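Asks: Just so you know, the protein sequences line up as chains B and W, in that order.
So the first sequence is numbered by the numbering used here: it starts at 153 and just counts up by one.
So the second sequence is numbered by the numbering used here: it starts at 98 and just counts up by one.
Be aware that one or more of the hints could be misleading.
For each label pair, taking beta carbons as the anchor points, the in silico distance ranges come out as [claimed, not checked]:
#1 Glu114/W - Gly693/B: 19 to 29 Å
#2 Gly109/W - Val351/B: 43 to 53 Å
#3 Arg650/B - Gln264/W: 30 to 40 Å
#4 Leu140/W - Thr209/B: 47 to 57 Å
#5 Leu221/W - Met391/B: 51 to 61 Å
#6 Ile150/W - Asn347/B: 38 to 48 Å
#7 Ala115/W - Gly693/B: 18 to 28 Å
#8 Leu221/W - Pro168/B: 50 to 60 Å
#9 Val351/B - Asn226/W: 50 to 60 Å
#10 Pro220/W - Leu598/B: 44 to 54 Å
In short, the hints are calculated from the structure, not lab data.
Small disclaimer: the values here were computed from a predicted structure and weren't measured.
Just so you know, even glycine gets a beta-carbon here, dropped at the ideal spot from N, CA and C.
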Amino acid sequence: MTEPATDPLTWRRLSPWALAILFTQRVVRFVRENIPLLLGAGAGAALLERIGVRELTLALVVGLLIAGLVSLLYYQRFRFRIDGHVLVVQKGILERTEVKVDADRVQHIAIEQPIYLRPFDVVRFSLDTPGGITTEVELPGIRRELAEALRKAMEADRDRAPDVVRGSEPTASAKPNLLFRIGPGGLTLHGLTSNHAYVIAVLLAPLLQPLERMLLRDPKRLAELPWLETLMASPVLAMALAGIGLLLVLVVLSVIIAWMRFFEFRLFQRDARYVQRSGLFNRQEQTLSAEKLQSVDWVQTALGRTFGVGYLVCRQYGAAPTGSDLAGGRFLIPGLYRRDGVRLARAFWPDLFPARSQEPAPTTASPRMAPPEMAPPEGPSPESASSENVAINDRRLVLGFQRVSPQYRRFMALRLAVGALAGTGGIVLLGGPFGWLLIGLVVAMLAWPLAHLRWLAVGWRQDSRHLLIRRGLLGLRTSFFPLENIQAIGLRRNWFQRRHGLATLQLQLASGAQALPFIDYSAALAIANEALYRAEQAAAGGSIADRPPSDAADDPKAIAGPGRQSVYDSRPDAPD
Amino acid sequence: MALSNAPVDPHGLPALEALPLSPVSARFAPYQVLARLLSLPVLAFLIWLLPAITPLPLEARPMLLGAMALLAVVLPLLAWLEARRRAFGLREQDLVYHSGLLVQRTAVLPFARIQHVETASNPLERVFNLVRITCFTAGGTGGDLVVQGLEREEAGRLREYLLERIQALSPTAPTSLD
Chain B
153 MTEPATDPLT
163 WRRLSPWALA
173 ILFTQRVVRF
183 VRENIPLLLG
193 AGAGAALLER
203 IGVRELTLAL
213 VVGLLIAGLV
223 SLLYYQRFRF
233 RIDGHVLVVQ
243 KGILERTEVK
253 VDADRVQHIA
263 IEQPIYLRPF
273 DVVRFSLDTP
283 GGITTEVELP
293 GIRRELAEAL
303 RKAMEADRDR
313 APDVVRGSEP
323 TASAKPNLLF
333 RIGPGGLTLH
343 GLTSNHAYVI
353 AVLLAPLLQP
363 LERMLLRDPK
373 RLAELPWLET
383 LMASPVLAMA
393 LAGIGLLLVL
403 VVLSVIIAWM
413 RFFEFRLFQR
423 DARYVQRSGL
433 FNRQEQTLSA
443 EKLQSVDWVQ
453 TALGRTFGVG
463 YLVCRQYGAA
473 PTGSDLAGGR
483 FLIPGLYRRD
493 GVRLARAFWP
503 DLFPARSQEP
513 APTTASPRMA
523 PPEMAPPEGP
533 SPESASSENV
543 AINDRRLVLG
553 FQRVSPQYRR
563 FMALRLAVGA
573 LAGTGGIVLL
583 GGPFGWLLIG
593 LVVAMLAWPL
603 AHLRWLAVGW
613 RQDSRHLLIR
623 RGLLGLRTSF
633 FPLENIQAIG
643 LRRNWFQRRH
653 GLATLQLQLA
663 SGAQALPFID
673 YSAALAIANE
683 ALYRAEQAAA
693 GGSIADRPPS
703 DAADDPKAIA
713 GPGRQSVYDS
723 RPDAPD
Chain W
98 MALSNAPVDP
108 HGLPALEALP
118 LSPVSARFAP
128 YQVLARLLSL
138 PVLAFLIWLL
148 PAITPLPLEA
158 RPMLLGAMAL
168 LAVVLPLLAW
178 LEARRRAFGL
188 REQDLVYHSG
198 LLVQRTAVLP
208 FARIQHVETA
218 SNPLERVFNL
228 VRITCFTAGG
238 TGGDLVVQGL
248 EREEAGRLRE
258 YLLERIQALS
268 PTAPTSLD
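All chains should be built: construct the whole structure from the sequences, respecting the hints.
Replies: Take a look at the structure:
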C-alpha cells in the first residue's frame with residue numbers, strides 16, 4: 153500500500169460531522185420501527201389523547217437527547233486504521249468490537265454522501281466481504297479525500313489477488329471506461345415501470361385507516377367539500393376516480409424516487425472493477441469487484457415489458473436470496489433498453505450471447521435436453537448469420553428459451569387450487585366466517601390461468617458456459633451466470649415428477665439459489681454434470697483430470713470402512 | 098477476470114447417475130423412528146387442546162385423537178422407510194447425498210466449495226452412536242449439506258478425508274477475517 157494520505161498504523165477517528173449521520177441514523181431507525189405501528193393501529197391518536205401533547209413532546213425531547221448522547225459515545229469510541237492490507241475498526245459502547253477486513257476479501261465498496269453533509273464534504277464509507285448478508289464495515293462520516301484514499305488502498309491491495317486484470321499501477325491504470333450513462337428519458341421510464349409504486353402503496357396503507365376514521369369522525373368537513381358529496385352520490389364513479397387518482401400519485405412518486413435515487417447514473421469499468429455513481433440528494437458510489445460477481449438478473453416488470461425496458465441487478469457473494477434489488481451490496485443498473493441490457497451483460501461476461509456466426513457447435517447437452525415437446529416455441533432469429541449480430545443479440549434475452557414441461561402448469565394449478573381450498577376449508581372448520589370458503593373457491597378458479605402464466609414465464613437456455621433461467625408471472629426476471637459459479641447442486645423429484653420423468657434442478661450460487669422446475673430428468677442430470685465439471689475444473693485450475701495426491705484417505709475402503717461398498721468411481725480423463 | 102471457455106463434450110463428463118451410493122448406518126432407521134415418536138406428544142397435546150381453543154365440538158376429540166393415532170403409525174413408518182433409502186457417495190471432487198422418500202433429493206457439493214466442516218450429535222444420536230456432518234458453503238445456508246446417519250468412526254474418517262481434500266484443493270485458502 154503506497155497511500156501516504158491514509159497514514160497507516162495510526163488510529164483515526166471519524167469526522168465530527170459523523171455525529172450528524174449517527175444521530176440521523178438512530179432517529180430514522182426509531183421512526184421506521186415505531187411510527188407505522190402507531191399510525192396503523194390508530195394508537196398514536198389514543199396515546200395523544202391519554203398522555204397529552206406536552207408530556208408527549210417532553211418524551212420526544214428526552215428521546216432525542218438520549219439518541220444524541222448515544223451517538224456521541226459511539227463516535228468517541230469509534231476508531232480505525234489501515235494495518236498492512238487490513239482495515240481495522242474498533243467500535244461499540246458497552247461491548248467493544250474489533251473488526252478486521254482483509255483487502256483481498258472485499259467484494260464491494262460504497263461511498264455515500266447524504267445531502268446534509270455535502271457542504272462539509274463528508275461521506276459514509278462501507279464495504280462488504282463475501283459471506284456477510286449485512287454490511288461488514290461502515291465508517292459513518294469521514295472526509296471524502298480520506299474515503300477515496302481508503303478505497304484506493306483497499307483496491308490496490310486487492311489487485312494482488314490472482315486472476316484480476318492488473319494495471320501496471322492501480323492509480324495510473326485507473327482510467328475509467330464509461331459503460332453506461334442514464335438520460336432523463338431513461339430515468340423517467342425506469343420510474344414509470346419499476347415496482348416502486350407498489351412499495352409506496354404498501355408503505356402508505358397504514359395511513360388509510362386513520363384517514364378514513366378522521367373523516368368519518370367529523371362529517372362537517374365532508375359538508376365543506378360539496379364536490380365530494382356529489383361524488384359520494386355515485387359510488388362507482390367515486391371509486392374509479394379515487395383509484396385513478398391514487399395510481400397517478402403513486403406513479404408520480406415512483407418517478408420522483410427514480411430521479412432521486414438514480415439521477416446522473418453512470419457506470420464505469422476501472423481495471424477489474426465496476427463503479428457506479430448516482431443520486432440527486434444522496435450521492436452514492438458503489439464499487440464491485442468483477443471476480444466476485446456471481447450472477448446477473450435482467451428484470452422487466454409487466455409495464456417494463458410493454459415499454460421494452462428493464463434493469464440489471466448484479467449479485468455478489470452473500471446477498472440474501474430474497475429482498476429488494478437494492479438490498480445489501482446489490483448493484484442495480486436502471487432504465488435499460490434490451491439492447492443496452494445485452495451490451496452490459498457482455499461487458500460483465502464477454503463470452504455471453506456469442507454472435508451467431510461465432511457460436512460454437514452445440515457441445516453441451518442440448519440434444520438430450522430438447523425433446524420435441526420442449527422445443528422453443530419461438531425459434532432462433534430468422535436473420536442469417538451475416539445479418540446484424542447486434543439485432544440478433546438484442547433478442548437473445550427473449551428468444552431461444554426452452555419451456556419447462558407442461559406438467560409444471562398442471563402441478564402448479566393443482567397445488568394452488570387444493571392448497572387454497574384446504575386452507576380456507578380449515579379456517580371455516582375451525583369457526584372462521586363462511587366467506588373464507590368463497591375466497592378459496594375464487595382462488596381455485598384462478599389457479600389454472602395463474603399456473604398458465606407462470607408456465608409461460610418459466611424458461612431456460614444454455615449459452616455456452618452460461619445458464620439463463622427465466623421466471624415470473626406478468627413481469628419477467630432472467631438470471632444468468634457461468635455454470636462454474638455454482639456452490640452446490642440439488643436434484644429434487646416428487647412422485648409426480650418421477651412418474652413423468654421430470655426433475656427440479658436447484659443450482660446454489662453464492663448469491664442465492666436458482667431453481668429450474670420440471671425439466672426433463674436427463675436434461676437436469678446433463679446440466680448438473682456439466683456445472684459440477686466446470687466448477688471443479690475452475691477450482692482445480694484446469695487440472696481436474698489429475699488424480700488427487702496419494703494418501704491413506706484416497707483408499708475408498710479407508711473412507712467407507714470395512715465391508716462397505718466402494719463409493720468411488722474412477723473418473724475418466726476430463727475432455728478438453 | 099480470467100476467461101476460460103473450452104468446449105465440453107457432454108457425453109464424456111463424469112456422470113452423477115453412474116455413481117454407486119452407499120447406504121447410511123443401519124442404526125439410522127430406528128433413530129429416525131424414535132425421533133419421530135418423541136416429537137408426537139407435543140402435537141398430540143395441541144390436537145387435544147383444539148376443541149378447547151376453537152369452536153370445534155368436544156365430541157370431535159375422539160376423532161382427532163384417532164387421526165393422531167394414525168399419524169403415530171404412519172409418520173414413524175415413513176421415517177423408517179426413508180432412512181433405509183438414505184445414501185451417500187464420494188467422488189474425487191465432490192460429495193453426493195441422497196435423501197427423501199416421497200420427494201427424493203440428491204445434493205452434490207464439490208469439495209472446492211466447502212468452507213468448513215462441522216460434526217455434531219444430539220443425545221438421541223449419541224445413544225445410537227450416530228453423528229451428523231455439516232458442510233458449509235459460501236453465501237448463505239442454501240448450499241450447506243447435512244449428512245445424517247453416519248456412525249461416529251465413519252463420520253470421523255469422512256471428516257478427515259473432506260478436510261484433506263479441501264486443503265489439497267485450496268492450499269492458500271483464505272483464513273477467517275476476525
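Asks: Run every hint past the structure and note whether it holds.
Replies: Hint-by-hint comparison with the structure:
1. Glu114/W - Gly693/B: 19 to 29 Å: 27 Å, holds
2. Gly109/W - Val351/B: 43 to 53 Å: 49 Å, holds
3. Arg650/B - Gln264/W: 30 to 40 Å: 39 Å, holds
4. Leu140/W - Thr209/B: 47 to 57 Å: 52 Å, holds
5. Leu221/W - Met391/B: 51 to 61 Å: Roughly 60 Å apart at Cβ, these two residues keep to the hinted range, so it holds.
6. Ile150/W - Asn347/B: 38 to 48 Å: 40 Å, holds
7. Ala115/W - Gly693/B: 18 to 28 Å: 26 Å, holds
8. Leu221/W - Pro168/B: 50 to 60 Å: Hint holds: Cβ distance 58 Å, inside 50 to 60 Å.
9. Val351/B - Asn226/W: 50 to 60 Å: Given range 50 to 60 Å: holds, Cβ gap about 53 Å.
10. Pro220/W - Leu598/B: 44 to 54 Å: 49 Å, holds
Every hint, counting from the list given before, is met by this structure.
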